Each structure stands twice: as structure tokens, then as C-alpha cells.
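J.: Model the full assembly from the supplied sequences, consistent with the hints where possible.
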Amino acid sequence: LEVKPRGEEPETQVPETQLARLTDSQYRTIVRDVFGSGIALPTNLDPVDEVNGFESVGASYSSISALGVERFEAAAFQVAEQVLADTNSREEVLSCESGPPESRTCREEVFSRLGRILWRRPLNSEELSRLLAVSEEAIRVLEEEEAGWEFGLAMLLMSPSFLYREELGTSGELNAHELSAKLSFFLW
Numbered sequence: 010l011e012v013k014p015r016g017e018e019p020e021t022q023v024p025e026t027q028l029a030r031l032t033d034s035q036y037r038t039i040v041r042d043v044f045g046s047g048i049a050l051p052t053n054l055d056p057v058d059e060v061n062g063f064e065s066v067g068a069s070y071s072s073i074s075a076l077g078v079e080r081f082e083a084a085a086f087q088v089a090e091q092v093l094a095d096t097n098s099r100e101e102v103l104s105c106e107s108g109p110p111e112s113r114t115c116r117e118e119v120f121s122r123l124g125r126i127l128w129r130r131p132l133n134s135e136e137l138s139r140l141l142a143v144s145e146e147a148i149r150v151l152e153e154e155e156a157g158w159e160f161g162l163a164m165l166l167m168s169p170s171f172l173y174r175e176e177l178g179t180s181g182e183l184n185a186h187e188l189s190a191k192l193s194f195f196l197w
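Add 9 to the 1-based position in the sequence shown for the numbering used here, that's all there is to it.
Keep in mind that the hints were calculated from the coordinates and are not lab data. Where hints are given, some of them may not hold.
As the list claims (entries may be wrong) - With beta-carbon atoms standing in for the labels, derived distance ranges:
(1) 50 x 134: 29 to 37 Å
(2) 99 x 149: 32 to 40 Å
(3) 76 x 134: 27 to 35 Å
(4) 50 x 100: 20 to 28 Å
(5) 47 x 83: 17 to 25 Å
(6) 111 x 182: 38 to 46 Å
(7) 34 x 76: 18 to 26 Å
(8) 82 x 182: 17 to 25 Å
(9) 150 x 46: 27 to 35 Å
None of these values were measured; they are calculated from a predicted model. Every residue, glycine too, gets a C-beta built ideally from N, C-alpha and C.
T.: Written out as C-alpha cells, the structure is:
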């Protein structure tokens, strides 16, 4: 903002679009909205630096530290474990119409649905394939169906697509998903 003499309008420069990190409050609210209010979240997530007293402005300039990555990973697995341990959460989150919970089609349906909510956009086929591959590898290595769900849910919650609000657009304009996410965070 440029200061001008009285009577002249200040010239405002709009910053370039970028990735804005979720604040702790936003992270907690989204997790509770998606997985239920009974989810206990750790209190030691990587903090966002405030800029001029505003945490949401600071989120536009904050990255995640190495310690923060470890904390978000631990939080993601804690959330996944709680969802799977609670019968009501499990039934609600893992419900699918395409087959039994142990089927690949069910995991694909659930991860697509949750990915669209958590990442604030649909997953593309490569992202969904990678997510299913991690889930299937966890099942194979740990020899538990539960592990596939746990690692898949944790992967959704550890992804930069969840931890950062994408407002990159193309040709200077936000796409429909970015615009609706930006509007929802503004109204929130």
C-alpha cells in the first residue's frame, strides 16, 4: 500500500497467487468436520508465524519446518487410528456403495470422496492410483486390511494438497475449485 496525500486514492498492489498453509485452527476445524468432533488432535502442530498480528496472512508466507513435517505425520496417523478405532466414525467414513470395505473399489470410492473434501478438489487418476498403491502396499507388508485404510487416510492428511490451500490458477484466474475454496475460507 502506497501512502498518498489526502484526496488521492492509495495504489494497491495485489500480490501474486501462492500456496497458503492451513492455520492450526483451519486444520483442526476441517479434520473435525470431516471425521467427527470426537477426534482428539495434538496441540503441538507446526505454528504459523503471524504477520502484523494476522495468522491467516502469515500462513501465506509460512512453510512447514522439518519438525513440523514430523508433527503433521504423527497427527495424520493419530486421526486415522481414531477414525478406525471408533465404530461410528469408521462406519460413517468408510461407508461405500461399490462393495465390501476390503475391496479395492471401496477404497477407491472412499479415498476419492475424502480426497475431494480434504484436498478441496477431485483427485486425478495418478493421485488416486498412488494413494491406492500405498494402501495396498500397507496391506501386503503389514498383512492387515486395517493398515490399508490407516495409511491411505494418513496420506490424505499429510499431503501438501491438504496442508496448503492451492490458489495458483491458470492465466491469472483461479479455477472453480480454487475459487470455491478461497470463498469458503473467506466466509469462514
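J.: Would you mind marking each hint as holding or not holding in the structure?
T.: Against the structure, the hints come out as follows:
1. 50 x 134: 29 to 37 Å: holds, 31 Å
2. 99 x 149: 32 to 40 Å: Hint violated: Cβ distance 22 Å, outside 32 to 40 Å.
3. 76 x 134: 27 to 35 Å: holds, 34 Å
4. 50 x 100: 20 to 28 Å: Taking Cβ atoms as reference, residue 50 and residue 100 lie about 21 Å apart, which means the hint holds.
5. 47 x 83: 17 to 25 Å: holds, 19 Å
6. 111 x 182: 38 to 46 Å: Given range 38 to 46 Å: holds, Cβ gap about 43 Å.
7. 34 x 76: 18 to 26 Å: The hint (18 to 26 Å, Cβ to Cβ) holds, given that residue 34 and residue 76 are roughly 20 Å apart.
8. 82 x 182: 17 to 25 Å: Roughly 34 Å apart at Cβ, these two residues miss the hinted range, so it is violated.
9. 150 x 46: 27 to 35 Å: holds, 33 Å
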